[in-house]
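Working from the sequences, and respecting the hints, build out all of it.
Chains as they are written, first to last, in the numbering used here: chain F, 1 to 189; chain S, 1001 to 1182.
No wet-lab data here; the hints were simulated from the structure. Owing to the predicted nature of the structure, the values given are computational and were not obtained by experimental measurement. Hints should not be assumed to be uniformly reliable.
Below 20 Å or equal to it, Euclidean Cα-Cα: the simulated EDC-like pairs (lysine to aspartate or glutamate) are [as the list claims (entries may be wrong)]:
hint	chain 1	residue 1	chain 2	residue 2
1	F	87	S	1114
2	F	87	S	1036
3	F	123	F	74
4	F	99	S	1138
5	F	102	S	1114
6	S	1175	S	1079
7	F	87	S	1138
8	F	189	F	132
9	S	1087	S	1171
10	F	163	F	116
11	F	68	F	170
12	F	139	F	170
13	F	87	S	1079
14	F	37	F	170
15	F	168	S	1036
16	F	163	S	1036
17	F	99	S	1114
18	F	113	F	181
19	F	131	F	84
20	F	139	F	66
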Amino acid sequence: MKKLLLAASVAAMMTLPAQAADYVIDTQGAHAFVQFKISHLGYSWLYGRFNTFSGDFSYDADKLTDAKIQLTIDTASVDSNHAERDKHLRSGDFLNVSKHPKATFVSTKIVPKAGETFDLHGKLTLNGVTKEVVIAAEKLGEGKDPWGGYRAGFAGTTTLSLKDFDIKMDLGPASSTVQLDLTVEGIRK
Amino acid sequence: MYKNSQSHYGVVSVLLHWLVAISVFGLFAAGFWMVDLNYYSQWYRTVPHWHKSTGILLAIVMLVRLLWRWYSPPPAALDSHRRWEKKTSAIVQCCLYVGILLMVISGYLISTEDGRAIAVFGWFDVPALGALFTNQADIAGLVHEYVAYSLIALAVLHGMAALKHHYIDRDHTLKRMFGRKP
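If you want it as structure tokens, here you go:
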């Protein structure tokens, strides 16, 4: 009986697929950021971020092209450090959050580049519009954390045109695009 | 002359009434216009500033008005008014007071969620209480919008009723609001 059990469990272990390392983005400990910056009048930068989002990725340093990431952002959590402006950003002039409460990014392919950098292609859905975007990304590091876990971190940047995502407000010629900056730290599951 | 009597409105009540009337319609027009201004419009920053400043001043005027009403109660309705007219006008007038109060409170809550004070024409600042509940600016914004339309609808009804008394019933109701004695 014991032998049978052992055999069964060994067999079960053998049939498990090769483990790609899966990570959950550390939003719990807030070691991940979805930030943006947009020119104000062409004279300076306005910074903002989304406070609520979640996501996970799978990544193996040896098989970078197999890596995947998906991210869901709660658009109502937009925060530019000014309640009146945030109210405006949530309105129909910008993000339409009552109609489109979620923004999502799902990766489609990865093109490795020099060193630790790569292009992360994927579909970004924002304000109800889905567009193919390319995020210029970089691996920042990975390894054991001091508390018994294993972490990997990445940063990426892409520039979006407001018009492409049906954002109606016209902020002027210098402010027609917004730069999206993502920093994600994942904890291996 | 300043105080109301049993049959007529004194100067103070008359002035307060028309000051509030002009402010309410002015604030509505400014508010309606400013939310759709182009970012590069020269009015984009000034009109909201005036709107908020005037709103705060209106709150002070309303406080004075309520105190004055308590100190010098308004005259009784005209004898010629029918029962339903007296009842309806009392309800509408009460709703107008409540509506203005709601507009002032909701407007204040939109602008102060993040702890920023409201500058009144640069003369003085009304300090913020910060966020009192979640989604404060958004919820207060919806209240501000819906109450604004309701308030204006009621104010128009109030004005049309006055015109009805003046032109159809040919009584003293509207003239009284300009301080005329019977």
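For this session: With a cut-off of 20 Å on the C-alpha distance, tell me whether residue 189(F) and residue 132(F) pass.
Result: Violated, because 28 Å separates the two Cα atoms, which is more than 20 Å.
Exercise. Is the hinted pair residue 87(F) and residue 1079(S) satisfied, with a Cα-Cα distance of at most 20 Å?
Worked result: Roughly 50 Å between the alpha carbons, so the hint for residue 87(F) and residue 1079(S) is violated.
Exercise. Going straight from one Cα to the other, do residue 163(F) and residue 1036(S) come out at no more than 20 Å?
Worked result: It holds: about 18 Å lies between the C-alpha atoms, which stays within 20 Å.
For this session: Mind checking the alpha carbons of residue 1087(S) and residue 1171(S) for me, to see if they're no more than 20 Å apart?
Result: Holds, because 18 Å separates the two Cα atoms, which is no more than 20 Å.
Problem set entry | Straight-line alpha-carbon gap residue 139(F) to residue 66(F), limit 20 Å | holds, 15 Å
Problem set entry | Pair hint outcome, residue 99(F) versus residue 1138(S) [Cα-Cα no greater than 20 Å] | Answer holds: residue 99(F) to residue 1138(S) is near 14 Å, not above 20 Å.
Exercise. Between residue 99(F) and residue 1114(S), is the straight-line Cα distance small enough, at 20 Å or below?
Worked result: violated, 25 Å
Problem set entry | Hinted pair residue 68(F) and residue 170(F), Cα distance within 20 Å | It is violated: about 35 Å lies between the C-alpha atoms, which goes past 20 Å.
Problem set entry | Given hint residue 74(F) paired with residue 123(F) - CA-CA distance at most 20 Å | Holds, at roughly 17 Å.
Exercise. Do the alpha carbons of residue 1175(S) and residue 1079(S) lie within 20 Å of each other, as the hint requires?
Worked result: holds, 15 Å
For this session: Take a quick look at whether residue 168(F) and residue 1036(S) sit within 20 Å of each other, Cα to Cα.
Result: With Cα atoms ~12 Å apart, residue 168(F) and residue 1036(S) stay inside 20 Å; holds.
For this session: For the pair we were handed, residue 131(F) and residue 84(F), check the Cα-Cα distance against 20 Å.
Result: violated, 29 Å
When the structure is compared with the earlier hints, violations turn up for hints 5, 8, 10, 11, 12, 13, 17, 19 and for no others.
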